[in-house]
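Student: With the UniProt record's numbering, letter number 127 in the sequence shown gets 127, and the count goes up by one each step, no holes.
Treat the hints as calculated values from the structure; they're not laboratory data. Note that beta-carbon positions come from the ideal geometry of N, C-alpha and C, so glycine has one too. Do not take every clue at face value.
As the list claims (entries may be wrong) - Below, in silico cross-link-like pairs of lysine to aspartate or glutamate (EDC-like), each with a Cα-Cα straight-line distance of 20 Å or less:
| hint | residue 1 | residue 2 |
| --- | --- | --- |
| 1 | Lys51 | Asp78 |
| 2 | Lys71 | Glu46 |
| 3 | Lys29 | Glu113 |
| 4 | Lys107 | Asp65 |
| 5 | Lys107 | Glu46 |
| 6 | Lys107 | Asp18 |
Claimed, not checked - Using C-beta positions, here's what the derived DEER-type ranges look like:
| hint | residue 1 | residue 2 | range |
| --- | --- | --- | --- |
| 7 | Thr269 | Phe316 | 13 to 23 Å |
| 8 | Lys51 | Val319 | 53 to 63 Å |
| 9 | Ala349 | Ser106 | 39 to 49 Å |
| 10 | Gly332 | Arg48 | 57 to 67 Å |
| 11 | Glu143 | Arg48 | 36 to 46 Å |
| 12 | Arg155 | Gly302 | 16 to 26 Å |
| 13 | Asp317 | Gln115 | 50 to 60 Å |
| 14 | Asp18 | Gly198 | 57 to 67 Å |
| 15 | Gly298 | Ala345 | 54 to 64 Å |
| 16 | Ser147 | Gln215 | 21 to 31 Å |
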Amino acid sequence: MPSMPEPRRAVVIEDDPDIRGLLVRILVKQGFEVTQAEAGLPGVEEVRRAKPDLITLDLNLPDLDGLEVCKLLREFSDAFIVMLTARADELDKLTGLDNGADDYISKPFSPRELQSRINALFRRRQPSIADTAVASELERATEVQQSLLPQEDLRVDGYDVAGDFRPSRSVGGDFYDWYRTPEGLHLTFADAMGKGMGAALIAATVRAVMRSTGQRQDLDAAFASASKTIAADLDSSNSFVTLFHARLDAASGVVSYVDAGHGLALHVTAEGSAHRLPSGGPPVGAWAGSAWPQSAVGLAPGDSLVVVSDGVLDVFDSVEKFTEAVLAAAHGQGSAQSASDAIMALAPAETAEDDVTVVVVRRLPEPAMV
Numbered sequence: 001m002p003s004m005p006e007p008r009r010a011v012v013i014e015d016d017p018d019i020r021g022l023l024v025r026i027l028v029k030q031g032f033e034v035t036q037a038e039a040g041l042p043g044v045e046e047v048r049r050a051k052p053d054l055i056t057l058d059l060n061l062p063d064l065d066g067l068e069v070c071k072l073l074r075e076f077s078d079a080f081i082v083m084l085t086a087r088a089d090e091l092d093k094l095t096g097l098d099n100g101a102d103d104y105i106s107k108p109f110s111p112r113e114l115q116s117r118i119n120a121l122f123r124r125r126q127p128s129i130a131d132t133a134v135a136s137e138l139e140r141a142t143e144v145q146q147s148l149l150p151q152e153d154l155r156v157d158g159y160d161v162a163g164d165f166r167p168s169r170s171v172g173g174d175f176y177d178w179y180r181t182p183e184g185l186h187l188t189f190a191d192a193m194g195k196g197m198g199a200a201l202i203a204a205t206v207r208a209v210m211r212s213t214g215q216r217q218d219l220d221a222a223f224a225s226a227s228k229t230i231a232a233d234l235d236s237s238n239s240f241v242t243l244f245h246a247r248l249d250a251a252s253g254v255v256s257y258v259d260a261g262h263g264l265a266l267h268v269t270a271e272g273s274a275h276r277l278p279s280g281g282p283p284v285g286a287w288a289g290s291a292w293p294q295s296a297v298g299l300a301p302g303d304s305l306v307v308v309s310d311g312v313l314d315v316f317d318s319v320e321k322f323t324e325a326v327l328a329a330a331h332g333q334g335s336a337q338s339a340s341d342a343i344m345a346l347a348p349a350e351t352a353e354d355d356v357t358v359v360v361v362r363r364l365p366e367p368a369m370v
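Can you build the whole structure from these sequences, using the hints too?
Tutor: This is the structure in structure tokens:
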């Protein structure tokens, strides 16, 4: 049988026996397990023992001032504290609530008012069912995204390859995928429009479809076939996907690629220049009947192919500034991983509003002649 949730606990610190009894009855009616104390110091010890969720604290106690008791409690307890006072002139002391109390109420008080104040405090602390559902969905979406990423490092003779992915707070549809081929490697880099589980599931579909075309020799025909399958799935969700799909021939350094609306792949040369590879058409699913031509770029020794998500682009005011920043981060790095780390740092996690994804394929420099 499922375990019952633990009951909420409350401690009443009040010297007047009649008021103390009334407070206990109100709190018991609200489902609290209640213990009580007649003075400040015994109350502190009872709070330390019971570890309550709520404390009602009288301002005028026989041994200590209630404000002093409140300060002592705040040294070890994060329970809600509701302070009670019978003197109107003392309300001014409490309205600032800089003493650690969460709310105050004057005597004589209405039981209904006290109940309302307590309910408001606990609503503030506990997330709503809707908030919990959203958080759960985002957690599952992040798990889906993580499962789409390559699980092992990719090793290709003569090349250094690295990739990084950091989900945003809202979780989008970024992913990258790579795998070895007899000639070199396949690389897919995609961003599904949208957030949450919907975008993550679209990304999962794209990955599966693109992998299914991996054995086809003609990149144009393979991508056209895959895009039709993907677009059919996208129609029902009114979504689209930007895609960069590439094949590397390791011997020659030639990267054949199709860019469907991504436009954020850069060729960074060993000499220190960079140019963006042009997009060959709209995102998959944006317009029916679209076609995407195959293009190619050659990686000379020391060159890198850098592909990033728009989570990096969003940091900059223009594409030109973005290109300059990526070049500065990537050029001269000792490894693909260090280049990837430097590019990821351009979009810090504290400020990034979108997923941030980077892949670097670096052709190793030729060894120096002795």
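Student: Decide, hint by hint, whether the structure agrees.
Tutor: Verification of the supplied hints:
no.	hint	in the structure
1	Lys51 - Asp78	9 Å, holds
2	Lys71 - Glu46	15 Å, holds
3	Lys29 - Glu113	14 Å, holds
4	Lys107 - Asp65	17 Å, holds
5	Lys107 - Glu46	24 Å, violated
6	Lys107 - Asp18	12 Å, holds
7	Thr269 - Phe316: 13 to 23 Å	21 Å, holds
8	Lys51 - Val319: 53 to 63 Å	56 Å, holds
9	Ala349 - Ser106: 39 to 49 Å	46 Å, holds
10	Gly332 - Arg48: 57 to 67 Å	59 Å, holds
11	Glu143 - Arg48: 36 to 46 Å	40 Å, holds
12	Arg155 - Gly302: 16 to 26 Å	19 Å, holds
13	Asp317 - Gln115: 50 to 60 Å	54 Å, holds
14	Asp18 - Gly198: 57 to 67 Å	59 Å, holds
15	Gly298 - Ala345: 54 to 64 Å	29 Å, violated
16	Ser147 - Gln215: 21 to 31 Å	23 Å, holds
Comparing the model with each earlier hint shows violations of hints 5 and 15; every other hint is respected.
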